[in-house]
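Just so we're aligned, residue 1 is where the sequence shown starts under UniProt numbering, counting upward by one.
Since the hints were made in silico from the structure, they are not lab data. Predicted model, so just to flag it, every value in this text is computed and none were measured. Misleading hints may appear alongside valid ones.
As the list claims (entries may be wrong) - Keeping only pairs whose Cα atoms sit at most 35 Å apart, straight-line, the calculated DSBU-like set for lysine-lysine is:
(1) Lys150 - Lys267
(2) Lys266 - Lys203
(3) Lys267 - Lys232
As the list claims (entries may be wrong) - Label-pair restraints from in silico Cβ distances:
(4) Pro127 - Asp283: 37 to 47 Å
(5) Gly149 - Pro51: 43 to 53 Å
(6) Asp283 - Thr98: 37 to 47 Å
(7) Leu48 - Thr98: 37 to 47 Å
(8) Asp265 - Leu197: 38 to 48 Å
(9) Asp44 - Gly154: 22 to 32 Å
(10) Glu193 - Leu141: 36 to 46 Å
(11) Pro286 - Gly149: 12 to 22 Å
(12) Asp170 - Asp265: 23 to 33 Å
(13) Gly149 - Gly172: 41 to 51 Å
(14) Asp44 - Leu197: 39 to 49 Å
All C-beta atoms in this analysis are idealised placements derived from N, C-alpha and C, irrespective of residue type, glycine included.
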Amino acid sequence: MWINKRSQTYLIASGMVLLVLFMTVLYSSSSSSQHPSSPNFKPDYQLLGRPLYKLDLSWPRNPELFTGQVFSVAVNQYTGVVYVGQRDGDFLMSWNTTSLEMPHGMFVGDAASDSPSVWITDVGNGPYGHCIKQYSSSGKLLQVLGTPGKAGSGLDPLQFDQPAEVFVHDSGELYIVDGDGGMNNRLIKLSKEHQVLWMHAEKGQGLAQFYIPHSVTVDTAQRVWVADRGNKRIQVFNSITGDWLGTWGSCFTEDAPYSVRLTPDKKYFVVVQLNTNQISLLDAPPVGLIGQCNVISVIQLSEDVKPHLVDLDLTTGALYVAEIGAQQAQKFIPFSLGGSLH
C-alpha cells in the first residue's frame with residue numbers, strides 16, 4: 001500500500017505466499033508540474049456532461065512505483081495522506097502484514113485523532129482470510145474482526161465471507177458490506193464496541209435484499225448508500241433504524257456500480273463502473289427524498305482501465321481512483337479553483 005503525502009513519497013509493502021501488498025503512502029499533492037513517464041500510466045479520458053473534475057497530471061510524483069493491481073485507495077482528509085493498496089508488485093519495504101491475504105476494501109478511521117487507523121477487508125480463502133483488519137498508520141495490526149480462515153454467517157462469534165468494504169463513521173460505528181461473491185449478501189451495522197445494531201442479510205432482488213454488495217458510504221443525513229453490484233443498483237437505508245429508504249437502478253443498465261462516495265460539498269455521489277470504465281457523478285438528493293438517480297457528469301476512462309474503488313479528500317474535494325486494469329491510481333481535481341469542491 002502506498003502512503004502519499006504532499007511533499008514526499010515512500011512505499012510500504014508486505015508479502016505472503018504469492019501475494020505482495022503495497023502500502024504506498026503519498027501526500028495528496030505534488031510539487032511536480034508534469035507527470036513522469038511510466039509504461040503503466042494511461043492518461044486518456046473524456047468528460048461527458050457537465051465538466052466537474054479534471055485529471056491531475058502531477059500526481060503521483062513517481063507513478064513507476066505502481067507495479068501491480070491497484071485495488072483500493074483511502075484518504076485521511078485531515079493530514080492529506082493517501083493510502084493506495086496494490087497487489088502483486090515489487091517489494092520495497094514492509095508492513096508487518098503477513099496475516100493479510102487478499103486485501104479488497106480500505107478505509108481510514110479516526111482520521112481526526114492523533115492515531116488514525118487503516119481498516120482493510122480481506123477476501124482471501126486461506127487461514128487469515130474472511131476478516132476485517134485494523135492497522136495503525138505505520139502498519140501495526142491492532143485488531144481483527146471476524147473468524148480468520150473460516151467463512152461463515154455467524155454473529156457470535158462474528159464471521160464474514162469475503163467482506164468487500166467497511167465504512168467507519170466518526171462515532172466509531174462500522175458499516176460493513178459482506179461479501180464479495182461468497183455465501184453472504186449482507187449489510188451490517190456494528191456499534192463502536194462491535195455489537196450488531198442492525199443487519200440486512202437476504203440474497204435476492206427485492207427491497208433490502210442484496211447480490212454482491214460491494215461498497216458502502218454514509219452521508220450526513222443519516223442515510224446509508226450501498227452499491228448492490230450484482231443487482232446493478234444502489235440501495236439506501238436509514239443509518240439509525242436500518243429501514244429501507246429507496247433504490248437507484250435506472251443509471252446502471254449497462255454496468256453495475258462498484259464504488260460509492262459523496263463529494264465534500266454533498267452535491268454529488270461518485271459512482272464507479274468497472275466494466276464500462278466510467279466514473280459518474282450523480283445528483284445527491286435532499287434530505288427526505290431519494291427519488292430517481294440523475295447523472296450529471298461522467299469521466300470516461302480508456303479501455304481496460306477497470307476502476308475498482310474510489311475515495312475523496314474531504315478538504316480539497318480531490319478524487320482518487322484505484323484502477324485494477326491500468327495498475328495505477330489516479331487523482332482527479334475539481335475544476336473550480338483547480339482543486340476545491342465546496
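Going down the list of hints, with the structure as the test:
no., hint, result
1, Lys150 - Lys267, "violated (41 Å)"
2, Lys266 - Lys203, "holds (30 Å)"
3, Lys267 - Lys232, "holds (22 Å)"
4, Pro127 - Asp283: 37 to 47 Å, "holds (45 Å)"
5, Gly149 - Pro51: 43 to 53 Å, "holds (48 Å)"
6, Asp283 - Thr98: 37 to 47 Å, "holds (45 Å)"
7, Leu48 - Thr98: 37 to 47 Å, "holds (44 Å)"
8, Asp265 - Leu197: 38 to 48 Å, "violated (29 Å)"
9, Asp44 - Gly154: 22 to 32 Å, "violated (47 Å)"
10, Glu193 - Leu141: 36 to 46 Å, "violated (19 Å)"
11, Pro286 - Gly149: 12 to 22 Å, "violated (45 Å)"
12, Asp170 - Asp265: 23 to 33 Å, "violated (18 Å)"
13, Gly149 - Gly172: 41 to 51 Å, "violated (27 Å)"
14, Asp44 - Leu197: 39 to 49 Å, "holds (45 Å)"
Checked against the numbered hints above, the structure violates hints 1, 8, 9, 10, 11, 12 and 13; every other hint is satisfied.
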